[in-house]
Amino acid sequence: MRVGLFVTCLVDAMRPSIGFAALKLLEGAGCEVVVPASQTCCGQPAFNSGDASVARSLARKLIGEFEGLDYVVIPSGSCGGMLKAHYPQLFRGDPDMLRRADALAARTFELTDFLVSVLALDAVPGDFAGTITYHDSCSGLRELGVKAQPRALLARMPGVVLTEMAASEECCGFGGTFATSFGDISAQIAERKCRNIQAAGADAVVLGDLGCMLNIEGKLRRLGDERTRVMHVAEVLGGED
Amino acid sequence: MHSQAMFFKARAGEKAADRALQDKLGKAKSRFVAARAGAVADYAGDFEALREAGREIRDRALANLDVWLETFEERACARGARVMYARDGAEISRLVVDIARRHGVTKVAKSKSMLSEEAGLNAALTAAGIEPVETDLGEYILQIDGNEAPSHIIAPAFHKSKEEVAALFSRVHGKPLKDDISAMTLEARAVLREHFLSAGMGMTGGNFLIAETGSVALVTNEGNGRMVTTLPKVHVVVTGIEKVIPTLEDFATLMRLLPRSATGQSISNYVSVLTGVKDAAELDGPEHLYFILVDNGRVSLVGSEFEAMLRCIRCGACMNHCPVYQTVGGHAYGWVYPGPMGSVLTPLYTGIAQALDLPHASTLCNQCGVVCPVKIPLPELLRGLREKQVDLKLRPWRERLGLRAWGWLAQRPTLYGWAVRLGVRYLNWLADGSDRIRVPGPAPGWTLGRDLPAPQGRTFRELYAARNKREAKS
Chain Y
1 MRVGLFVTCL
11 VDAMRPSIGF
21 AALKLLEGAG
31 CEVVVPASQT
41 CCGQPAFNSG
51 DASVARSLAR
61 KLIGEFEGLD
71 YVVIPSGSCG
81 GMLKAHYPQL
91 FRGDPDMLRR
101 ADALAARTFE
111 LTDFLVSVLA
121 LDAVPGDFAG
131 TITYHDSCSG
141 LRELGVKAQP
151 RALLARMPGV
161 VLTEMAASEE
171 CCGFGGTFAT
181 SFGDISAQIA
191 ERKCRNIQAA
201 GADAVVLGDL
211 GCMLNIEGKL
221 RRLGDERTRV
231 MHVAEVLGGE
241 D
Chain A
242 MHSQAMFFKA
252 RAGEKAADRA
262 LQDKLGKAKS
272 RFVAARAGAV
282 ADYAGDFEAL
292 REAGREIRDR
302 ALANLDVWLE
312 TFEERACARG
322 ARVMYARDGA
332 EISRLVVDIA
342 RRHGVTKVAK
352 SKSMLSEEAG
362 LNAALTAAGI
372 EPVETDLGEY
382 ILQIDGNEAP
392 SHIIAPAFHK
402 SKEEVAALFS
412 RVHGKPLKDD
422 ISAMTLEARA
432 VLREHFLSAG
442 MGMTGGNFLI
452 AETGSVALVT
462 NEGNGRMVTT
472 LPKVHVVVTG
482 IEKVIPTLED
492 FATLMRLLPR
502 SATGQSISNY
512 VSVLTGVKDA
522 AELDGPEHLY
532 FILVDNGRVS
542 LVGSEFEAML
552 RCIRCGACMN
562 HCPVYQTVGG
572 HAYGWVYPGP
582 MGSVLTPLYT
592 GIAQALDLPH
602 ASTLCNQCGV
612 VCPVKIPLPE
622 LLRGLREKQV
632 DLKLRPWRER
642 LGLRAWGWLA
652 QRPTLYGWAV
662 RLGVRYLNWL
672 ADGSDRIRVP
682 GPAPGWTLGR
692 DLPAPQGRTF
702 RELYAARNKR
712 EAKS
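Protein chains in written order, with our numbering: chain Y, 1 to 241; chain A, 242 to 715.
In case anyone wonders, no lab produced these hints; they're calculated from the structure.
Just to be clear, a hint being listed does not mean it is correct.
Quick list of in silico lysine-lysine cross-link-like pairs, DSS-like style, CA-CA up to 30 Å [claimed, not checked]:
#, chain 1, residue 1, chain 2, residue 2
1, Y, Lys-61, A, Lys-710
2, A, Lys-401, A, Lys-419
3, A, Lys-519, A, Lys-348
4, Y, Lys-147, A, Lys-268
So these bits of chain Y aren't anywhere near chain A, every CB distance computed over 12 Å [to be verified]:
#, residue
5, Ala-148
6, Gly-159
7, Thr-163
Since this is a predicted model, take the numbers as computed values, not measurements.
We put the CB at the ideal spot given by N, CA and C, even for glycine.
Put together the whole structure using the sequences plus the hints.
See below:
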């Protein structure tokens, strides 16, 4: 099984350990993992900013890079949603590209969804001693139905106690460029999310999207919280090297 | 109503810093959100199937809007009503003032109507020497507080606390301060009774127009809708042309959706289906019934990529569940409709160039889309408006250039790889040896309200290439 790993532009730049954790999980499960060296960005920032032509050109590039593989796996719900839900929208007026976008969408999975739904993984290499609360990032949850999968995997780790925060499905306020263009509103929304995280009393908040992670970690630290760890689900499941 | 939507950013910034406002919004929000969730869980059937049925009804009505409007007009007129059409807010005001003058009306008792806000009707009536009296409790509170604008489509005084209303009542009514909501309601009730009895004309909006019977359906919780449609001799309904639905059966289906989505009730306290004028054998009802059916931008949406927005049944669920609305409240949006539905409607009804921020004032979290009772894809429509802004060259040149440059770079992996390395080095320089960036740097909007965790150091691309090299050697 040849699995293409799309690490995402944010992971490439900000937190490559997430990409390596995803690699470790997939290789550990017996996949032949291909990481196309030419990959860059899925085009989501352009798409959400209303620049469909830039988004389309990046979509075309990504489809070309990954369509020869059996699966595309992404450690991000929002980039996953871009490929699965929005690439087909971008090519509504182009039957040939639409067919290719649909075919790729059908083989594209968010990381935890892939581990559970396709690989039916029953053991993970990582462990974590402490309480974890899971934040459901918007696109993963509402575009891809990622909810039970990460929790099921985290529950496999003997040291983990899962505890639910209030309103785990509410947005953290990131929203891509929204976080900077409407920074004051974004930071307020993040603060409500952080208060719910703190009230859950967990040692770590775990989630599946780096954008939301940067937002939540940045707000927790600004609020003076140096204790609550903010971790990507791939890092927790993959274990620390 | 004159739009202030161009000033969203400045107004929203002020509201985002208003902790007292957020406390009030938070309380009201948690009530609405919990109530809806409870009502959906308690619903005996399949709520998702019900949403799909609601969507189908609204789309069916919109697909043949002209036919259903003609049917409605014919049936309503057969029962003694008059049906008129208004192109915009100014025409609404002119028609209502004309009707009032024709019947010698000096006071109008109003039930809640957002169309009246679109038209700025109260100001027009007052200017014509006719007294408008808002009888919906929330609207009444706003009217006696210097004609403040509503901040929510079904809970107009959403932004006010109980204490603020108590102080307002005591001041305006000249009564001792009360702290009990039912006592305050009784106080308002006594004032409003006088108005119901003395008004020459009652005015309402319309939740639905039912084509097969020529009826208007009103859904309220306070009973004021019944008073203003039965006591005065003249009843004027002002509503949008898109509110028409084919049959009573369709109405029954939509009524399973509307109260549950709006307030979490299985049914609202008062549901009225009003047909025609009072006939000789009837005791209640108006002698004269007028329908003013309004375009004000709606026609231009029919058949467009934004037609789905016309499905809206004005429940308010999208704003109740919106993280942005919960932070800034309704007034920041600057026109009649707030929240996600307002961010779509305001640019479409008042001009795309007149509301540039609104389609961007969303995280696209799609909480609105999943609670919408008629499945309006609100994030898609917001994104569609963003595309329109780009097509019309309405975006700032820096943003345009930035996206183009990014797109160009991302097509050139080697160059892109070097650019990202450079960017990462720059961010690490800003972090100055720590694990976070606190200085404004390239994204002051970010660092004003939170830290930016610093990049780990080397990019995935660098590390992965190094790993491959190591593995090739061994």
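Going down the list of hints, with the structure as the test:
1. Y:Lys-61 x A:Lys-710: Holds, at roughly 26 Å.
2. A:Lys-401 x A:Lys-419: holds (16 Å)
3. A:Lys-519 x A:Lys-348: Between A:Lys-519 and A:Lys-348 the Cα gap is close to 21 Å, so the pair holds against 30 Å.
4. Y:Lys-147 x A:Lys-268: Holds, because 27 Å separates the two Cα atoms, which is no more than 30 Å.
5. Ala-148: Per Cβ check, Y:Ala-148 is outside 12 Å of chain A; nearest 17 Å; holds.
6. Gly-159: About 24 Å separates Y:Gly-159 from the closest Cβ of chain A, which puts it past 12 Å; holds.
7. Thr-163: holds (20 Å)
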